[in-house]
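So you can see what is in the structure, the chains are spelled out below.
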Amino acid sequence: MLGYDISWAAFNIIEVMSASKFTFKRIGYLAASQSFHEGTDVIMLTTNQIRKDLSSPSQYDTGVALTGLSCFVTPDLARDLANDIMTLMSHTKPYIRKKAVLIMYKVFLKYPESLRPAFPRLKEKLEDPDPGVQSAAVNVICELARRNPKNYLSLAPLFFKLMTSSTNNWVLIKIIKLFGALTPLEPRLGKKLIEPLTNLIHSTSAMSLLYECVNTVIAVLISLSSGMPNHSASIQLCVQKLRILIEDSDQNLKYLGLLAMSKILKTHPKSVQSHKDLILQCLDDKDESIRLRALDLLYGMVSKKNLMEIVKKLMTHVDKAEGTTYRDELLTKIIDICSQSNYQYITNFEWYISILVELTRLEGTRHGHLIAAQMLDVAIRVKAIRKFAVSQMSALLDSAHLLASSTQRNGICEVLYAAAWICGEFSEHLQEPHHTLEAMLRPRVTTLPGHIQAVYVQNVVKLYASILQQKEQAGEAEGAQAVTQLMVDRLPQFVQSADLEVQERASCILQLVKHIQKLQAKDVPVAEEVSALFAGELNPVAPKAQKKVPVPEGLDLDAWINEPLSDSESEDERPRAVFHEEEQRRPKHRPSEADEEELARRREARKQEQANNPFYIKSSPSPQKRYQDTPGVEHIPVVQIDLSVPLKVPGLPMSDQYVKLEEERRHRQKLEKDKRRKKRKEKEKKGKRRHSSLPTESDEDIAPAQQVDIVTEEMPENALPSDEDDKDPNDPYRALDIDLDKPLADSEKLPIQKHRNTETSKSPEKDVPMVEKKSKKPKKKEKKHKEKERDKEKKKEKEKKAEDLDFWLSTTPPPAPAPAPAPVPSTDECEDAKTEAQGEEDDAEGQDQDKKSPKPKKKKHRKEKEERTKGKKKSKKQPPGSEEAAGEPVQNGAPEEEQLPPESSYSLLAENSYVKMTCDIRGSLQEDSQVTVAIVLENRSSSILKGMELSVLDSLNARMARPQGSSVHDGVPVPFQLPPGVSNEAQYVFTIQSIVMAQKLKGTLSFIAKNDEGATHEKLDFRLHFSCSSYLITTPCYSDAFAKLLESGDLSMSSIKVDGIRMSFQNLLAKICFHHHFSVVERVDSCASMYSRSIQGHHVCLLVKKGENSVSVDGKCSDSTLLSNLLEEMKATLAKC
Amino acid sequence: MIKFFLMVNKQGQTRLSKYYEHVDINKRTLLETEVIKSCLSRSNEQCSFIEYKDFKLIYRQYAALFIVVGVNDTENEMAIYEFIHNFVEVLDEYFSRVSELDIMFNLDKVHIILDEMVLNGCIVETNRARILA
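Protein chains in written order, with the working numbering: chain G, 1 to 1137; chain E, 10001 to 10133.
For the record, the hints were derived by calculation from the structure and aren't laboratory data.
All values reported here derive from a predicted model rather than from experimental measurement.
A couple of the hints might just be wrong.
Claimed, not checked - Interface residues of chain E toward chain G, partial, derived using beta-carbon atoms under 7 Å: (1) Gln10046; (2) Glu10082; (3) Tyr10094.
C-beta: ideal position from N, C-alpha, C; glycine also.
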């Protein structure tokens, strides 16, 4: 706390946490949240305290406990408290609900097993009446979905609805973000999203929302990039909006604009390119991070045409940005830009070399080696440029500025490494070799770092050899001797070098030169032999070459060659240390002791490096030259990059180049096939390769497209696919990678879970009533009783759900009333096929309505089954403690005994031979005095039903909400057609003036039935019955709140009594809950209090008592008419029991 | 997801720190110093978002006080940027013209307010009246 360790006070903190006064408790929890963590051992002492606080009657106690818990939850705490928190998710106070919902995310992380049981509850919370809770649930699901979007795809319709209806920007941002995560999985979703998103982009004034929308649109478009023709409009829109952002004077917006722009760039470079001017402007910005972003963008914007211009612009910036890290960044970017995709955009390599040379003038850059690598790469791979490169390099060697001591500390002297090598290797192109030789032998060279000196020494000899040859051919024996003398004079300065490598090479070469001197003195022509030392051409080696070498038979890489030395210096450390500087990208000759694991690890690392490094194909061949004389060269496999097509020559007309590129491409493809064969051959002759394969190699060179070859090379068998990289086993979120679609198994119940059902087998006869109700699904009927096929059925169910989702996705109707039910696969699928069918329907209802009334249904089932399995244990199960009391109301449905057949909340409206209509009426809390009528239309005929229209005769009290402009007598079209055997749901909103009375509305459905024989107009009359119960909304209520309500005294009272009830009390309660949308507040023996609310905010309280053969219901309600009507309805329901 | 929430003054002293993911106490100090350094070194003309290691920093300056929020890379920068302002507005209302001293002497209250607004790294409440209720 405050930067001090207060772990010693942990116990005292717990003491304060358990204080009874809220202010103390709050401080205690605050301290705990600051200092406790998983390692704190006293944390396990807090479990009970926290549980007590969680169930405390004061919402603030609970709140503070939740807040604290969120900071120090451990897997143990999560496991023990998961159930309590689940309970709190249905607390009456939104304040607690939202906290509980959010903390569930932490619990999921720590205790992933809780995710599946809790998920349905979480889903419910998405439709919570309180926007805060809703937003919390969205937050949690958004976070979860980021880890494993697949599971949450099914929630898309729900989110879609939320998105179109919500006005809360925070929630919108989260939802849109979530969609961004979902779209890659379901391209059709993207299609659906584009429109509302563009609308949002147009309409919103909040920049954050705009930014998020643009981001998601981009993500959507990326996922859509194949197959959707007209998204260019949206891209244009995005780019335009981004342009506005970038042009804004606010730096933050500018930054974000550029950031988003770079995302677009990846897929739609063209649309960004038109804003080049703007981005170049940003390069002049005062803010470094904005400039860096602009640079990133430039990278993708270059083309053959504008490359030179852009780089020129960048170069001026380089000059301006003296001595900052920004300049280094600029430098790397220039090189990146130029070298991207194999110098694709460079048309003039002379220009590029001169740019590189110019870059060497920079003081104090760290990227000398980068420039050096580029120089080497270009010089080696672009044959035509060598002459120019050599002349530039010799000038570099000559110029003193690189040797100046001030530059030595920083990396720019690295370029001398490249310069020396190029001059040595391609010495035949040198204009004044002698001059260069002298430059390389200058005493100041010895101040350079060792590895550069080593290259100097080696290349001095090369240079020397070529000079010797020239002189001898010209017959200038004296000149040759003079050069030799110069060597003999100057080399000793290297022999004295402190660097081992330099010393060794120098002394070797000194002896060689001395020997030559002797021979020269005898007038023996030596030039031939000397230059034979360096005969042949060096080819670039692919960095992967090493691991392509198959392990020879009989060679066990894991076996020790010698007994392991006790010496601490490990074998594989040494070679790396020696060669590290010279050949960073070159595969090392692996010591055979390196075990397999290590190998794999390095391979991964290398792959990573290659992926990140645009230059990775280019290994520096220089070391190879050195190896030439050492026995080690035999082991270095060289991948031949075969391309016999001449390189494009700088300065060629553009059209020519295109032709050539095309030619190359074709050629490459052919070559690729030969590739392996050639490589094998090559390996056989690798020992002598340098000399013997000379004729073939001489006409091989690297083309700009070389990368293609390398990339497609096969991998060694034991190489791990690189995509495993991104699955870090230590990833804490990985645990959340749970398939929520899978049925919930027994073992997955939460520890103290009481209401969770278990999977049990159902007796076939029980299915019958169900089937009748569910005759909507005739296909399934046949299978219902076949227990064997249950599994199959489950699969079918899933498919069906998928289809439904498909349907949702494929239709593109006006967003307002989503016409199709899109069931949500949930953990409830654990129930056997039959229940699942029911569940599906419930899901569908829950999906499209802002209402929970269907949910208790499911729970009833669960409970019911649980009852059966636990049969006798029941009495024990009936909780004596507070647990159940708290749990009961939130479970929202009373337990029920065996005999109740599952039923649907959909009641039959009308039917004929063509169509069957069932409907469900639900109120919505958000808009008072409105109810939604969901009508399910099922086509029972063999004809296609289309042109369906619903006309309802409005009454004074109830009116149908019609599209604007249509008169009372017009029908409202049904937004779908029905092929044979298909059912679909349409929703209509009705406005009710007074809800205290039941209503009946007459209506007609007219439609056209079309089959092979022709089309007929048909009509079906129906009567919509708005019962008073349908105006009620299941609302959970706590007993204390309930008591207060009753005490308040402003409720009128009424009661009924029904005789001849044989049904169990449990079933009875469930029935009331289900049909009349009540929730159980408290239940004691055969007495229960229930609560509900009407859409207009009337409170309805019931006291249900069961006598011997009768049930009495006492009701209290703020409206007496409503109450009496309700009780009448209830009487009718109960009378059936 | 918000990873941490810092309030730092211009001298680089941390006034409030809240972590939503556990970080070792000595690593905290290290992290804070680096974060503060990178924020303090920026001028007013520069934008308020910094990419730092694997997360993003969003900061806002109020007189001598910096508020720095570290978020993971999926978070919407602009939203957090607005959120910081919202938080300061809430403090302003609660303390009636909040100053650094208010925060120093009422650290617990600031923490509690923050807890009301951010839970578990997610923004829960942005309504001023309800936060202070």
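Hint check:
1. Gln10046: 4 Å, holds
2. Glu10082: OK, holds: E/Glu10082 within 7 Å of chain G, min 6 Å.
3. Tyr10094: 15 Å, violated
In the structure shown, a violation is registered for the earlier hint numbered 3 alone.
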